[in-house]
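**Student:** Chain residues, written in single-letter form:
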Amino acid sequence: KAGVTQTPRYLIKTRGQQVTLSCSPISGHRSVSWYQQTPGQGLQFLFEYFSETQRNKGNFPGRFSGRQFSNSRSEMNVSTLELGDSALYLCASSAQSAPIYEQYFGPGTRLTVT
Amino acid sequence: AQTVTQSQPEMSVQEAETVTLSCTYDTSESDYYLFWYKQPPSRQMILVIRQEAYKQQNATENRFSVNFQKAAKSFSLKISDSQLGDAAMYFCAYRSGPGGGADGLTFGKGTHLIIQP
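So the sequence lines, in the order shown, correspond to chains A and B. Just so it is clear: in the first sequence, position 111 is 113 by the working numbering, and no numbers are missing. Just so it is clear: in the second sequence, position 89 is 568 by the working numbering, and no numbers are missing.
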């Protein structure tokens with residue numbers, strides 16, 4: 003079974019631009035979570051989607067948004083990019099939303115904002 | 480809010496030896512899950528082991544085992560017979576049980592494990 007895939011793997015954007023990152027979960031998985039990883043703040047939860055509905059949201063400004071499609075693929079969008087948004091963005095999928103279900107992580111998208 | 484603390488930024492161990500990584504957490508919840516994730520240089524996060532708080536028995540997965548002390552809110556990871564492939568960042572993580580307050584996984588800052596050949 004194919005793992006979680008994230009595209010693109012690397013991205014360079016300019017401050018003020020917007021960006022869309024994509025995540026394809028493992029086949030059959032209905033829950034997708036997003037995390038931001040930076041050297042300073044570590045790993046932080048962004049949001050979780052299950053069956054096209056946002057279930058949980060972390061403490062991030064409204065510039066960070068996401069959505070999930072009927073095939074469970076998810077996108078996250080960051081508008082008006084700031085230098086501090088430079089990070090590794092990780093996506094994780096699980097069969098269901100409940101915590102007992104293991105989250106499988108993708109390889110991440112490295113975003114650099116200049 | 481829940482917090483996870485890993486007090487060892489870096490640990491070093493000789494190949495084939497045993498190493499223990501520390502993790503403490505703070506929560507007022509009684510139902511939760513604890514995890515250890517490994518992140519090698521490739522950056523792909525891999526689940527190493529999981530512990531349900533309601534289970535008293537410590538989880539084990541081959542060479543990996545945990546010492547879960549619920550009252551002390553401690554969750555350490557023991558790696559036996561360390562191998563070169565174990566070199567990675569190790570993250571301790573917390574997740575609330577159903578109906579709990581923690582959104583997603585709450586991670587510690589990580590411990591960089593170095594394996595000396």
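Hints are computed from structural coordinates only; laboratory data are not their basis. Careful: at least some of the hints might be erroneous.
[Stated by the list, open to error] Covered stretches of chain B (in silico footprint by chain A; criterion: 3 or more residues with CB under 8 Å from a CB of chain A, positions within the stretch not fixed):
id	segment
1	487-495
2	585-592
[Said to hold, decoys possible] Label-pair ranges, simulated between beta-carbon atoms:
id	chain 1	residue 1	chain 2	residue 2	range
3	A	Glu104	B	His591	37 to 43 Å
4	B	Pro520	A	Pro10	18 to 24 Å
5	A	Pro41	B	Ala551	25 to 31 Å
6	A	Glu54	B	Glu494	31 to 37 Å
7	B	Gly578	A	Glu54	18 to 24 Å
8	B	Gln536	A	Thr16	34 to 40 Å
9	A	Thr22	B	Leu563	21 to 27 Å
10	A	Gly44	B	Gln535	28 to 34 Å
11	A	Ser29	B	Glu508	45 to 51 Å
12	B	Arg522	A	Arg69	32 to 38 Å
13	A	Gln98	B	Glu489	45 to 51 Å
[Unchecked claim] Calculated from the model, a selection of chain B residues having no Cβ within reach of chain A, i.e. all distances over 10 Å:
id	residue
14	Tyr512
15	Ala550
16	Gln562
17	Ser575
The C-beta atom is built at its ideal place from N, Cα and C for all residues, glycine as well.
**Student:** A separate judgement is required for each hint: does it hold in the structure or not?
**Tutor:** Okay, the hints, checked on the actual structure:
1. 487-495: violated (count 0)
2. 585-592: holds (count 5)
3. A:Glu104 <-> B:His591: 37 to 43 Å: Since the Cβ atoms of Glu104 (chain A) and His591 (chain B) sit about 24 Å apart, the hinted range of 37 to 43 Å is violated.
4. B:Pro520 <-> A:Pro10: 18 to 24 Å: With a Cβ separation near 20 Å, Pro520 (chain B) and Pro10 (chain A) satisfy 18 to 24 Å, so the hint holds.
5. A:Pro41 <-> B:Ala551: 25 to 31 Å: Roughly 30 Å apart at Cβ, these two residues keep to the hinted range, so it holds.
6. A:Glu54 <-> B:Glu494: 31 to 37 Å: Violated - the Cβ-Cβ distance for Glu54 (chain A) and Glu494 (chain B), about 48 Å, lies outside 31 to 37 Å.
7. B:Gly578 <-> A:Glu54: 18 to 24 Å: 22 Å, holds
8. B:Gln536 <-> A:Thr16: 34 to 40 Å: Violated, at about 53 Å.
9. A:Thr22 <-> B:Leu563: 21 to 27 Å: Check failed, 38 Å falls outside 21 to 27 Å.
10. A:Gly44 <-> B:Gln535: 28 to 34 Å: Check passed, 30 Å falls within 28 to 34 Å.
11. A:Ser29 <-> B:Glu508: 45 to 51 Å: The hinted range 45 to 51 Å is violated for Ser29 (chain A) and Glu508 (chain B), with Cβ atoms some 33 Å apart.
12. B:Arg522 <-> A:Arg69: 32 to 38 Å: 25 Å, violated
13. A:Gln98 <-> B:Glu489: 45 to 51 Å: Given about 36 Å between the Cβ atoms, the range is violated.
14. Tyr512: Tyr512 (chain B) is in fact no farther than 10 Å from some Cβ atom of chain A, at 5 Å.
15. Ala550: 21 Å, holds
16. Gln562: Non-interface label stands for Gln562 (chain B): nearest chain A Cβ at 22 Å, farther than 10 Å.
17. Ser575: 7 Å, violated
When each numbered hint is compared with the structure, violations occur for hints 1, 3, 6, 8, 9, 11, 12, 13, 14 and 17.
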